[in-house]
Amino acid sequence: MVQPAKQGQMRLGQVVGTKVGSQVKVRPRGGEQTFTAEVARDLPVANNDLVIISLIGSKWYVIQRILSSAPGPPNSNSDKFGRSPRYELEKGDDTFNPVDTRTWNGSKWRTDTTDVFQGTYAGAVNVGCMFFGDQLKSLKGNTITRALLLSIERLPYSGGSYAAATSTLWKVTQKKRPSGAPTRTSSTTGPAMAVGAILPSFEIPESWVTDMTNGTVGGLAFYDADGNPDMRFAGMGTYSPALSLYVEWERLNPI
Amino acid sequence: MIEVDEIARDAVFEDSYKLFMRVDSYYNNRVLRANIPFRTGSEDNDAFLTVPERAEFRLPRYDAEGYDWSPSGITHPLAANGQRLRVTLGIGVGGNEPAWFRRATFRIDKTTRDGDEVVVECVGLLERIFKADFIGEFQPSGTFVSTLRELVAAEIPIAFDDDISDRNVPSSLVFGSSRIQALYDMLDAWPAECIVTPTGHLLIRPVLESRTAVFSLRHGLGGTIISSTGYSDSEDDYNAVIVRYTDEATGVQGQSPSYNTDATHPKRMGGPNAKYPIPLIIDSDMVSNASEAYAMARNKLRQLMRRTADSYEIEMLPNPLLEIGDVGSFTLEGGTVVRAEITQLTIPYTHDGGVQRMTVRTV
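Going down the list, the sequences are from chains A and B.
Numbering (the numbering used here) for the first sequence: 1 to 255.
Numbering (the numbering used here) for the second sequence: 1 to 363.
So that you can see chain B by itself, here it is in the shape it has in the complex (with noise of 0.2 Å):
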């Protein structure tokens, strides 16, 4: 959650506030126009994606001054040439100045018009990593934050947690065609999970075990959320992680299983949904003895409990403050406290954007 002063944090999640948007556009780290005269914009987000972020804004073609906002040129504001756009978001109550803070960071992928509308539509900034293919294969030296850095540094400044602990990668390792799978394959093997932060940076930090809710909102009386429906599917529900590897020093082969025990998920291993292991088998060469084929294998079941656990779909009030991998405290429809991480989320920049919805997993 995006953290601001404690006024605009309540009015946000328990009364009203006024809602202001700034979008600066950058180019080669430069501003190019700041305050573009967007009419709308939203934000979408799923964590299930490679490029988790969208979004899109719209605007009159000609301003009040006259400009013309449909792309001309290769520096335009608007032109998808690396053209950047940075959100600010400000939050009032009251008379008083608005909080502002950074929202998000986007890449201008295509600016069209429609009508006498000139519709813009983002990419998060991962999509750059996902196009740069390699050209014959990588072989990384050095270690998994010199090879990360590697990867991505020259597109996407990249920062890591303090909790992190860097080793070697494993001589002689071998990366197929696609950069971000390499990306995503290390982050696997740490293990280590990454997220675009709202100024644009990519933070790769631990996978965390347990998880406090910061923050609660309900239906009902004084409540935020509109309504709450349940979803529910038994697509990719793998209770069990098996991790293959050759030892680096010895040669010697072997496994690490990880398996979903947990009495209190829905998809685990021995209970009403599955009797059987139904495995998800990783061959690796990135993990190179059994204590790290064991946590790859514990943090990708993770990942995949989070994916399957119980999930909701939820319409409320907008909340510009939340974003994908928070945990909160929900009261749902009928009642129901559930304990949940939001993995899925968009967010509308203006009033008039409508309601906000977001998809949420109990954790």
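Isolated chain A (complex conformation) (with noise of 0.2 Å):
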């Protein structure tokens, strides 16, 4: 394994390429990673020219070259594991917990349960609401490959009907719970589920993630405009992982 080198240090390098301006590319002797260095001043540097290389600051400078002519480039496997692994395509995935679930009655939103409802109250029609703050913001700029909304739980609903019922599902503007009612954009077809079923995830719109991570979208939200069909889905006071959000990103790092 190569160390990393210390302030001052001065170690063997290999040049890789030619001189731009007065940079080179230089490949410190064990690694494989090439770093750009500054080349001193007057000093010819060649494709695979030996030279002396230090750290100064936090930079490489070339020093100066040695031997009487370059060498050849160094044998390939002579060290596979010299340098921290950086990838281009970066991929990972995260699970985002929403940090308020809340249901809108039409006229005020209930303190009395955090379980979000879908149907009419008291001649009003619910929103039921996930917010997710300002979490998805740490995935802007990612391509979005695959959302889930997790571990939805529908709970009974008195006065509703327990046969299987689809939901509607909506992007909420809102970040965070606001004083008045949330703000509704565009809808798709919800989980289907009968009064008692546990569905551990459900594909939303990858685009509705990438929208949460621009943030014009800050939330979720279980509406139907006619009223129907009456649903209530476990909170995050039910269950607390309830209704998160599971998103895998891919990003491009520049290399």
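Don't read these hints as lab results, they were simulated from the structure.
Every residue gets a Cβ at the ideal spot worked out from N, C-alpha and C, and that includes glycine.
Hints are supplied without guarantee of correctness; some may be wrong.
[As the list claims (entries may be wrong)] Under the rule of at most 20 Å between Cα atoms (straight-line distance), these lysine to any residue pairs were calculated in the SDA-like manner:
(1) A:108 <-> B:97
(2) A:176 <-> B:97
(3) A:91 <-> B:132
(4) A:91 <-> B:30
(5) A:91 <-> B:154
[Stated by the list, open to error] Here are some chain A residues pointing at chain B (derived, C-beta under 10 Å):
(6) 57
(7) 59
(8) 97
(9) 101
(10) 139
(11) 176
With the hints in hand, could you dock these two chains into one complex?
So this is what it looks like as structure tokens:
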């Protein structure tokens, strides 16, 4: 294994390519990674030249070249483990818990429960919301390759039917519970569930999560304009991981 | 400070409330077990440590259903193989549904047996970055944002405040062995600071110049402060920061100093504490002109001024809404009122966890 250089320490290195301006790429001996280094003035360097390099501050400097001529390129099998892996295409996944799950019952936010409701309440139509705060900002600029809503459990709703019913999912603009009604923008077909059913995951459009990473969408909601069907889903007070968002992403690193 | 309903907030600051704790174990971003029946839990935070957060949870080895909570197997909810604990707390007022909020995310560091109990010791998420040193040197390319993403995002999701402006990293920059040092060096140079949010994200934000109090706590009638003690030392009492740089475009070298001349600061230069500058000198290749170097020097000085300000150690009734970095107005023993920032915090997650302790420093 190659030990990272210490300040001011001299090392041997090999030039890779040709000088551009005052800089050239060098490969410290034993390593596979190349670094852009500052070259001593008036020092001509050519591809494969062996050079003495030194780390001063946070930069490599090429001090002098040695040997009468450039040797061949390094043995490619000499050290496969000398560098920190850098990935041009990086892939990852994250699970985001909602910071709040609440229902707007048409005139106010319900404070007696954190479960989320779809359907009617005293003549008004519920909007059952989950807000994700600023968390999704962490994926800004990434390509979203998969998005799932996790841990969806349908609970009994007094007066509602127990049979399977299909919910409707909406994008909500606000990142946290506003004082007034939430702003819904567009919808898609939500999970279809009977009372008592627990759905481990439900696929939602990747573009919705992209909107969340850009900050134009802050949450999701169960809502059906005609007030049917009546459905109740476990919120964070009933089951703390409920209605979480699982996201798989990709990002291109500039290498 | 963590935001909750006004009723819950008022109860925490001025009245009584019931505290509920839910802890869920995650592995590979999936829930292993929700609502682990921990008997006690507490969190320890120190803003000046490399990895600021620690936590400890305890529970009986066997629960009512006979489940064995001593870690057996790779994916046991309390094993230390990448398992993360996410903590949700609830504030109950009267008979209402508690106001639930996300409090913290930790990584399990060690799970041991203590008599009939299982003890789970946890650390903050930055611990992974702390251990993940570079194998060879690391040369960034691109911008501060893309470089910081590359340094940490695979382990901790990283988010950037909207008010922060990105710029290119100087070419031919090389980081030595420590990944977390690279993170902190870049933040110093940018300048910016980072916090780990309750939901387990690394948030990068600008260092604020002046800060207003967002809450008030007091000692005495109706107050929640039990005792307050002054604390004073002159460790690391730098009153000047000098940043030396080389201009990337012209090669011109220079230095940008920033001096603590704040007439209200006890460790200012020229004041009773020190007549001469006590400099911290930083040689940085991450800044490449005078204005960037000055921004870095000022930022570093502000951080040092926070460290060396007057400090008080406070014992109070548990207040789980407070976070490191919060600024509040404190009425201390004897009636002194100070505006101060929380720099150290120990919060019990359960009622029998005793008092809450914190260190605050005047701002």
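Which hints from the list above does the structure break, by number from lowest to highest?
none
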